[in-house]
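Novice: Residue numbers (our numbering), protein chains in the order written: chain A, 1 to 871; chain B, 1 to 515.
None of these hints come from the bench; they were simulated from the model.
A portion of the hints provided could be inaccurate.
[To be verified] In the BS3-like style, the derived pairs of lysine-lysine whose C-alpha atoms are separated by at most 30 Å in a straight line are:
id: 1; chain 1: B; residue 1: 356; chain 2: A; residue 2: 176
id: 2; chain 1: A; residue 1: 197; chain 2: B; residue 2: 454
id: 3; chain 1: B; residue 1: 332; chain 2: A; residue 2: 187
id: 4; chain 1: A; residue 1: 57; chain 2: A; residue 2: 93
id: 5; chain 1: A; residue 1: 826; chain 2: B; residue 2: 332
id: 6; chain 1: A; residue 1: 49; chain 2: B; residue 2: 454
id: 7; chain 1: A; residue 1: 826; chain 2: B; residue 2: 356
id: 8; chain 1: B; residue 1: 414; chain 2: A; residue 2: 491
id: 9; chain 1: B; residue 1: 461; chain 2: A; residue 2: 491
id: 10; chain 1: B; residue 1: 454; chain 2: B; residue 2: 489
id: 11; chain 1: A; residue 1: 486; chain 2: A; residue 2: 455
id: 12; chain 1: B; residue 1: 367; chain 2: A; residue 2: 746
All values derive from a computational prediction rather than experimental measurement.
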Amino acid sequence: MIKKQNIKRNPQRLKHKVRLDIEFYEDPKNKKIELLIVFIQKGGVSDGKLLLGDIIKSINGIAVNNKEIQFDNEINKINWGDEIILEVERKNKIQNIKIKTLSFENYKKTHAVWGIDIKEEKKQMVIKSYGIEYNYSNYIEPGDILLEINSVKINSLNDLNKEKSKYKVGDTIEFKIERKKISQIKKFKIKLINFQKAILLNKKSCDNYWIKKAGTLMFKEWVDSDYGYNHKDWLGRREEILKLETIAERFSDARHTENSDYIKDWKNKDAKLLTKLLKPEYRDINFKLNFFSLVFNSKIITKLKSLNLKKECCYSYILTGKVIGGDWDKDVPANIKNFEKLISVKDKKKEIFVDEISDVSLNFFFNEMVDKKKDIFIKYKSDNKFWKFSNKKQTKLSTIQSLGFEDIATNLGYWFESKYKFNKAKIKLAVDDFCRSFFLEYPDFDLERIKEIEKMDLQDEPEYDENDYSSDHQNKIYISTSVSKKKVAGKESFLVKLNNLPTDEEIEDYNIGKKIYLKIYIYDITDLDEDSFFKIQENGEDTRQYFLNNCHVIKTEDLSWSEGNGILVQTVELNLYEYKPTELAFPYSKLQLPKYGKRKLSFRTFICTEDQKFDENDGRFITNDSPTFRSEEYLLESYSEGFDEYGDYTDILSYSSSEIEVEYKQPGYLEINRRKYNDLKIALSLALNQDDKNDQKANLEKIKDSVRYGDFTVEGNIHKILSLKKNYEKSLNRKLNLDNILKDLKKNSVIHERYEIIDFLLNLATKDETFNSKENKFIDKVSHELELNKEKYQEIKKQKTSSVKFVDFGEEVEESVFGINKDMTKDEKLKILRKEYSRWNALTNNTDKMIRERAKEMRDLAANLRTQYSK
Amino acid sequence: MSKIIGIDLGTTYSAIAQLDDLGTPEVLASTDNNKKITASSVYIKDQNVIVGDKALDALETAPKQVITETKRQMENDVVYSVDEGKWIDKDEKNKDYYSPAQISSFILSKLKGYASDVKKAVITVPALFAEKARVATLDAAKMAGIEVISLINEPTAAACYYASLPNVKKITGKILVFDLGGGTFDVTVCEVRGEEVEVITSRGDKWLGGKDFDKELINLINEKYKKISGKELDIENHYSKYMEVAEQIKRVLSVRDKQTEKIDGPDGVKEIEITRAEFEQSIQTHIEKLKMLMEEALDGSGLKAENVSHTLLVGGSTRIPIITKTIEQVMKKPPLKGVNVDEAVAAGAAIYAGLKSKKNLNDAQKKAISNVKLQDVCNFYLGTLVQEDDPVLNRKVTSNLILIDRDTPLPATKSSRLVTIYDDQEAISIDITQSEGREKNREFVNIIHQGELKFPDKKPKGRPIDVTYTYDTSGKLHCIFEDEATKEKYEVSIRPESAEDLRKNYEAIEHIMIE
């Protein structure tokens, strides 16, 4: 009697098959004759136990008959950590070898990943592909020939495996390869990483893959298939997944293309791939079939039903709209309204009852019939509620225009138009989302999504009007833009998305002798008011002054973001066959708005020739030598076609604007009084040491040359002298009130100026190469009141005081210099002190002697404080 | 055939080791007193120089002429003034005085004399020795007529030695090497697999060692002396003498609970008793530093104390009981004992020297060290200065862009693409930086090389420059700044072959006799 082996179901084994980290000989002719070991991972569980050339005969007493499949079956029964007994033939003798399988974690650490696929072809070792684990792409191309590994010649797979068996994780491998095409020999080195690291690298690579959905899916499937170990063709599957977004896009786009990329015309290869990429519940739908097969497909009907289509009698649209029964204009045959279920289909010869045959047969019937016949007859069940006499109906359907799934999608679009009054942009988005929802990694399409789309502010692209077309006129360029808030390269920014940028052909049309630019200016349009504008217009007054007073351009202090005039602009030259941006970012920090508070910004994008000039003072485009306010008029009067349609501006090829709201938390450039700012800076500087009369004179000298009013006029200089005098006298009488100064300064300084002030005060305080507790407290308060970033402030302070002597800090030193406060827990304090110790300890290497000495002091101070807190 | 030599050039003691014919490292004894460690002290007496314990003997009579703790000055621009008896800032006027490299060369020459036919050697340095100090060490070796095969970090050498010991072969896994010498402290986490050593991270304090404990003891003695006599000791003028006494007390307190010493001061000789508890209390701040650095090394290697299988001790100061107690407290298990902590570094250096010059080894030596493998890491952040937008300050600021991270396994190559910021920019200035911490601030990094890459043509801003840094196992940094468009390059290898005034330095001391 054979006792059935009791196999424990070990979750680790079920998730990850046990690996012995060996490989068997593969006969190039695919006639494997024995389990001959040709590779053993050095440092792996089999290293030192098995030898190259061993032939495995049995596992735990069960013969494997030279078949890898049997070997795998037996391995499948083993749990990680089990000890197994392998019967091997070694040098014509049979031996029993014990191997303890340890754990999958151990395998991950000891298994070296080479990340390269090499095949033997015509007695050459050809590199077929490589992974992302190493920088192979810097050195090799698929098709290169591997010549040597660590100076050992590799002439066969056997050589390769033998050589690979010598190395373990961490070893350095030098490859010598030959590029046949150009007869070039190259050498390069890699350091073998383990499987654990390879997983992390793959995860990172998948995360960074530009098609996010494919990246996520790929990593998930890789892990689910036990890192490809349980997949019969993982590399093939990988390629499939990489095509996910391409296929999904083609699928949903089929109805939009004029070149008839209809799914029924797809190559079988692509159709198969399509099936593999669908969500499992849709995999049995053959999208290559005709419309009837699909429209009566129960899965599709269920999907459509979930959109409440039935209630709206949408099946009538789907079934009759443009396909069945002829034209859209015709009345919908009453008897097909409220279609519920298909009962039978009949051609001239036979009637097929749907419930009695399989889906496959039904599909086959439709396919056959559509290709050959003109008409079919269907019997169907209709919704009782809408059909008072009988719910079983019959109708004749024409197959003449029957296409495929595209028609369902197109008709669904009509339904969105009719039911939700969607414009074209929304219809496209909704139908695209519906189509893509058949695919893995794409969300389901439901009513909630329809509601979301309904709320979106999507504008239709202007349509080309055939009647206006004259044969000698170039195609019009219609750009469209949108703006959103996003972090770009770590900076909070406005991101302008650019759609329908001119194609190379269009640029070629336009740029005969002229360069073409894309320019974006930004305006604050918060104060524009339609009523006021029309009132002025009606009164026949000049609207220009209204715009000048109420619509201001956004400025910048960074010259590299302007064209030398302080007006913020992004300019990109659109060159033929060169990269054209689809998004442009404007970091918040670069923008200077005219006013404080909640503001509405208009991002105005121009495609124009180099001849188009823009005003130096306000960025408005110039016609007839003066700035034009058409953009503002356009905004207020809502010209539906866009102002450039009138053809008045021959050098503006296209224009688009997008609006967004923003909260500006500092005074705008119209509100800042520069002189006031400088007055306050003087007052603050003198307040720093106003208790010490001796210091004040010296301070005045330092401040005198450092404060610049920007205007070098006589009047400006007089103002500065008066301000210095007034504040100096106040300081001598201790009349400078810090709280008031800071309050005013907050109103009259922008953020970066506040940091400048901190910089200035710290320079002032440390000019005598000391920094005392009073100065420290004063500057801390300024920083706090001006709402500066704490970390940034600490960093600036650290930098400024790194080479001076600290004086009079006494007991509160930790609070002052390390940013510790009484509310912190002991652990938080210890953590900060360790960080500070580490930072200053690192600086004891600094080449600047002053910094070095200061670092030693601070390091000891941090350690000393930590000793006290540790008690 | 010249010998395979490793030298531990320490702050207070130095040692030299060679591989014997069987490939076992052997620490060589001094020809003066047969001790295996030699005091790193130099007594300058006219045209003669006395190195070692004999130099210490002269502390009493000629303290200004005895130079100790030279290693601590290796990175500084200072010279030793025999007249003043201290290190003073180097300037043109005092160019004839002794530089730290010159003094170190005397110590190396002395050690070299313990073995015959020494030409090449591996010299150890603290893991966090600055570039300047490393160059000074190389200069010292050159002046002593030693060709340096490679510098090796002290804890790495120690780990290498431990890994090669037959009786500690059981040591595998993650190891913490705790190296507390006379002047420096290094803590290194490495992975030992058999005889392979892979360094994961090093942390340290170049100003923390036995000497600092001695200073605390002097303060303690002074306090007690003052209490008895009402007068303070004249430490400044008798520094070396009191340091010697303090070291003596420290040694005794490592084995006893208290020690009474006769202290000679302005009020005559007084008997002062110091207990171990008092001593331990006086060095609490230093102990805290040791703890923090151990914690940092664990954090830096992503490990918890439980994941570290052993703590290995290196350096004489690890004999102090509070040190082992602290280690036990942080690492949650006692450190491993039983190896001569004074000799491990030199012995490890000798093994490394063998690995680096295999063709000079006999078959037995080759066999003995054939399995020893070493993987070290970069102990600094290496980068370059760039201009970048500071979104808070709303302007361009100069900041440090790190290319090679600390703890990157060696050899390491890293690349980054930079772009020009102005239209028609004619050149870029190149500042290669080194820092121990992850610093962005340019004030806090050391610029180890400056240069300029000029462009042959004009291009709009955004011109790509490819920067590649390669840091090799010997600590040499190779940097390439390449203009993508024209392939114009600025290329530099940093680890200067010698300091500018090496020759002058050598000429100044070549007539000196070393005893």
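Novice: Against the structure shown, which of the earlier numbered hints fail to hold, in ascending order?
Specialist: 2, 3, 6, 7, 12
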